[in-house]
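Line by line, the protein sequences are chains Z and V. Going by numbering that gives the first Met the number 0, the residue at position 271 of the first sequence is 270; the numbering climbs one at a time, nothing skipped. Going by numbering that gives the first Met the number 0, the residue at position 298 of the second sequence is 297; the numbering climbs one at a time, nothing skipped.
What the hints contain is simulated information worked out from the structure, not anything from laboratory work. Glycine included, C-beta positions come from ideal geometry on N, C-alpha and C. A couple of the hints might just be wrong.
[As the list claims (entries may be wrong)] The list that follows gives simulated cross-link-like pairs (lysine to aspartate or glutamate, DMTMM-like), each with its CA atoms no further than 25 Å apart:
1. 108/Z x 152/V
2. 16/V x 179/Z
3. 227/V x 347/V
4. 208/V x 192/V
5. 106/Z x 347/V
6. 106/Z x 107/V
7. 4/V x 152/V
8. 106/Z x 68/V
[What the hints assert, rightly or not] Residues from chain V that face chain Z, not an exhaustive set, calculated with beta carbons under 8 Å:
9. 72
10. 101
11. 145
Residues per chain, in single letters:
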Amino acid sequence: MRKILMINKKLFIVTLEIILLLFSLLLIFGPMTSLALWSIADKWFWPNLLPQSIGLDYWRQALGVQKSLAIGAVSIIPAFFLSLMIAVITVITAMSIAIPAGYALAKYKIPFGMFIFFLFLMPNAFPQQPIFVNLLDIFTKIGLAGTIPGVIIVHILVGLVFGVWITSATFRSIPPQLEEAARSVGASGIRTFFRITLPLAAPGLLASSVFVFITSLDEFTGTFFIGLPFVITLPMTLYSSSGYNMQFASVIAIILLLPSMLFMMLIQKVLKAEYVGGMG
Amino acid sequence: MSNLKLISILKKYGKVKAIDNLNLEVQDGELVTLLGPSGCGKTTTLRTISGFLAPDSGDIYINDRRITDIPPERRGIGLVFQNYALWPHMTVFQNLAFGLQMRKLPKDEIKRRVKQRLETVRLEEYENRYPRELSGGQQQRVALARALVLEPDILLLDEPLSNLDALLREKMRFEIARIHKESGVTTVYVTHDQTEAMVISDRIIILNKGRIMQQGKPEDIYENPANKFVASFMGNTSFINGTVVGFNGKYTLVKTGDGLTIYGIGRKVKKGENVVIAVRPENVQFVLPPDIRGGMKSNNLFSMEIERETYIGEVVDYQLRIKSWSIRAKSAVSNKMTKGETVKIYLDPDKMPILSE
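Turn these sequences into a full structure, and let the hints guide you.
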């Protein structure tokens, strides 16, 4: 009798776990399913539960395979590569600022260290619109408005928050004794950094690069003010089509999601790297 | 041949003197322990020697070479940390080889020296493991090997056994003593554990508030503590306060406020001085009825009441009370006495140090 109860209890817990899992999957992937469905819907009018007819017209149009003016979609390939290029340059520049800054903030006592730390937070601490309106004014005067470098600068400003905060947290988590041990066996400060600190910080640095990358890829407000009408990134195309063309908007949304998901998978793989477990 | 010399080292944090005019000399091959409670300056001293902390004034010499301004990587000092500080992304072999690579030694030479050093710490089969795959004791042996593989002039160990469990710590003490004897390297060892210090040291230096309280061989310090701080730090010491009332041969007589007269050894005390008597549990002898014979002196014989008794395995630990004084004592389990009993005890006057208050 008792044994049966035990089995029943176990069964109950397993069932509960499955239900919770399905529910959370629904929460995470539910909206995406709708996106996927919309992206292949040729016709989908109320009150039908599912699209009346499906096809890949919007995908073909968006990827530039097919050109027609009938469905109001354009090739997003140029915008995609522009976004990608801006994101890559943003990551490289932001990280080459964030790594030394994060290291310094983590390892040295810097006068006004906390103040500098919060300075990096500034662009995200205030409502973004007023900041970017102001910036537009400045950028117009110095000729950066509506240019790709102008947009990259904005992305760096926004991305540095993640860059500096995550890198400095990463460097702080490395016990100073690991570096001191290296110094004591004859490694100079620079050698210690490249042979000991950097390899140990790599997962965290990668994670912060990914955050900067994704932030840049998705950045809207700054690009809207500084970049338009000449710099049209992927989120800009999404915005301009989202009002009237759900299919096209869905295609762009899915394409925007892809790099992020790829990177998330990469992070997970790297963060599981075994030696992280040996720290601490 | 290498010796270490610290001359008038001063290090302040704000107004607090972490190291207060410290002079220290460590001879070739000697193992010196810096012993003291946390905040006594022992770790600060170690970090000054290793070069991670610059003293405010004073000088450090290794083999008569002034190293005060030389960066850590060029001091020729091996370091072992409390948390081992093995590099988690390197195997045991790579951890040991790193320093040798920095010296640009040829590959087969590196291999030979690493293997030989792993043998001394008895970890030769573990060279391809990562630190996380080793137990705490093994990790600490790797850390020791990593410091020794460069054949440093001076080896510094910062509470190397504090992270290990009691049983392993006890074994590792002897292991460290053995490795030190084999390698013969001049060593400074920092700990707050007096037993550890007693087991491994040639000489113990007791620090408090950045100053040397006493230094000497373990048994000398234990048996002849120079002051109350040292007596309280070494052993489970109880104190009885009193005033010196006179001298009798080699003994000093102390009278307590509540009228006890106790004989002991006072080295630097004067008549009328307020003093403390340091009573260690092993010097409190229980006098059983057949022992009270005519020949026994009646000095230092007291009746005491057992306030508490605790069985701790090999012995029974007691708290005894006489008037307002409470002292700790030990007896063999076979003589176990119980709470409330009144017992006669004898305090051997030769083993009762009388110290200035």
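Against the structure, the hints come out as follows:
1. Distance hint between residue 108/Z and residue 152/V is unfulfilled; the C-alpha atoms sit about 32 Å from each other, more than 25 Å.
2. Distance check on the hinted pair: residue 16/V and residue 179/Z sit about 24 Å apart at the alpha-carbon level, within 25 Å; holds.
3. Of the pairs offered as hints, the one joining residue 227/V and residue 347/V holds, with about 19 Å between alpha carbons and a cut-off of 25 Å not exceeded.
4. Distance restraint check for residue 208/V and residue 192/V: the Cα-Cα separation of roughly 17 Å lies within the 25 Å cut-off, and the hinted pair is therefore satisfied.
5. A hinted pair counts as satisfied when its Cα atoms are at most 25 Å apart, and residue 106/Z with residue 347/V does not qualify at roughly 56 Å.
6. A threshold of 25 Å between alpha carbons decides the hint, and for residue 106/Z with residue 107/V the separation of about 37 Å lies outside it, so the pair is violated.
7. Taking the CA atoms of residue 4/V and residue 152/V, the gap is near 12 Å; set against the 25 Å cutoff, the hint holds.
8. At roughly 21 Å between alpha-carbon atoms, residue 106/Z and residue 68/V fall within 25 Å of each other, so this suggested pair holds.
9. At a threshold of 8 Å, the smallest CB-CB gap from residue 72/V to chain Z is about 5 Å, leaving the interface hint in force.
10. At a threshold of 8 Å, the smallest CB-CB gap from residue 101/V to chain Z is about 4 Å, leaving the interface hint in force.
11. The interface hint given for residue 145/V holds, since its Cβ lies 7 Å from the closest Cβ of chain Z, which is under the 8 Å cut-off.
In terms of the numbered hints stated before, the structure departs from hints 1, 5 and 6, listed from lowest to highest.
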